[in-house]
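2 protein chains.
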Amino acid sequence: MSEAPRAEPTAATARARTPTAAALIIGNELLSGKVEEANLVVLARTLRTLGIRLQRVVMVEDTVDVIAREVRILSETYDWLFTSGGVGPTHDDVTIEAVAKAFGVAVVSSQEMEAMLRAHYKSACTEGHLRMALMPEGAVLEVTDEIRWPTVRMNNTWVMPGIPEIFRMKLPVIIERVGRGRAYVSRAVYTKMDEGDLKPLLDAVVAAFPDVDVGSYPTWQSDKYKTKLTFDGQDELRVDAARDAFVASLPEGEPQAL
Amino acid sequence: MSEAPRAEPTAATARARTPTAAALIIGNELLSGKVEEANLVVLARTLRTLGIRLQRVVMVEDTVDVIAREVRILSETYDWLFTSGGVGPTHDDVTIEAVAKAFGVAVVSSQEMEAMLRAHYKSACTEGHLRMALMPEGAVLEVTDEIRWPTVRMNNTWVMPGIPEIFRMKLPVIIERVGRGRAYVSRAVYTKMDEGDLKPLLDAVVAAFPDVDVGSYPTWQSDKYKTKLTFDGQDELRVDAARDAFVASLPEGEPQAL
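Note that the protein sequences, when read in sequence, are chains A and B.
So our numbering is basically just the index in the first sequence, starting at one, shifted up by 1219.
So our numbering is basically just the index in the second sequence, starting at one, shifted up by 1219.
These are calculated hints, taken from the structure and not from any lab test.
Among the hints, a few may not be true.
As the list claims (entries may be wrong) - Straight line, CA to CA, 20 Å or less: simulated DMTMM-like cross-link-like pairs of lysine to aspartate or glutamate: (1) K1445(A) with E1255(B); (2) K1445(B) with E1384(A); (3) K1447(B) with D1459(B); (4) K1447(A) with E1255(B); (5) K1411(B) with E1346(A); (6) K1341(B) with D1416(A); (7) K1447(B) with D1416(B).
Using the sequences provided together with the hints, build the complete structure.
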């Protein structure tokens, strides 16, 4: 398939830098396997639709200094950082303190949040509940018309809760505030060939389409195909061209229609 | 609950240093959300039963230099490193090359693996298939009596495949070779109290039992309880004592029996 068309990336692709992101997943319960992590995949998919490239995920224990160091590095390196977990009133909820430390600011009580907590818990409101009003000095309480309970953002760092239901509820706030870039498109091709046999065909399409991310995934769970090939990028024409060039290079009887 | 018994950790607990581990999860398909990561939770649970503390997980793209840098840092910092993904014959399978780079050794073809691959694929064996015989110079092919297809280990770094079925198949090799330490025990208590109200009780038990990891997890999915409390450690007597002290501090009607 060395005759595959070697078109240059379009000017638009070259010009627009893709925003990048990292995720910091926090919690002893995840590292011990007591709880299965559930937020990363929905964050990854959401960022993908926003045209943001998630490049790194780090998972750490509930330790202030470890989290703070990680927030500092990741928030400096990537356009956006999303933390998950460690938000709440108990001793193992140290994310707010760590984010404040990372940005070199104090932890302060938000009068706005305090008022919301008092309105919510009424006479049952305790000091424990009011700890949820604490945030890094200078943080912004992000809301939308539909989602009035605030999400804390400190500069480029979004502090998200670990509870999967609440994490999901808050995603629309990120979608609205971070803004939509150029979404990724993805195409898939299924074959009965194995990766060893596919390798020269894949090498050719990878060489011809450096701006398209080509993935190869063997399965053990289907008798309809052996390997799934994916073609991903932000320029739909280029992604389609890469897929078409690859399909044209396959032997007779391929690809498989599922 | 400030009257909780403040026993010192036993001599055995203090003496035996708990081995540590990190995991490096590799693959663009995970960061894009195209595939949901599935190996971490079984690795975490396996390490837990072996008495090994998984302290850090990093997820990166299929880029040799990024993976190599991460392998170097993690293998130097933790007793064990487990990589998942990027093993195979195609262009996006760069973990072996990266591990070799991290340890400053060449990539060589294992005669033993080559012979196994030729025996497996017979006359259909291609150059692509033979790429699976490549490994860092000095790596060990780990097998057990039951699991004869080898797993690559380079010093303290285990190179595991990303495909969930194969990852799971290979776990017994790790269990046999890494060796069992002192397993963690875990106890749970369920209450209808919320975290804000639980905070002072939790603070007391955390202060009295610094050697027990106390976790607090609100749920939105049950009407039988509101918060799950967990007590984890390697000294069963201490874990039970922490749990009992916490339960004794709860108001009447708590904890909830599920």
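Checked hints:
1. K1445(A) with E1255(B): Status holds; Cα separation ~19 Å.
2. K1445(B) with E1384(A): This hinted pair holds, its Cα atoms lying about 14 Å apart.
3. K1447(B) with D1459(B): holds (16 Å)
4. K1447(A) with E1255(B): holds (15 Å)
5. K1411(B) with E1346(A): holds (18 Å)
6. K1341(B) with D1416(A): The given pair, whose Cα atoms are some 14 Å apart, holds under the 20 Å limit.
7. K1447(B) with D1416(B): Status holds; Cα separation ~13 Å.
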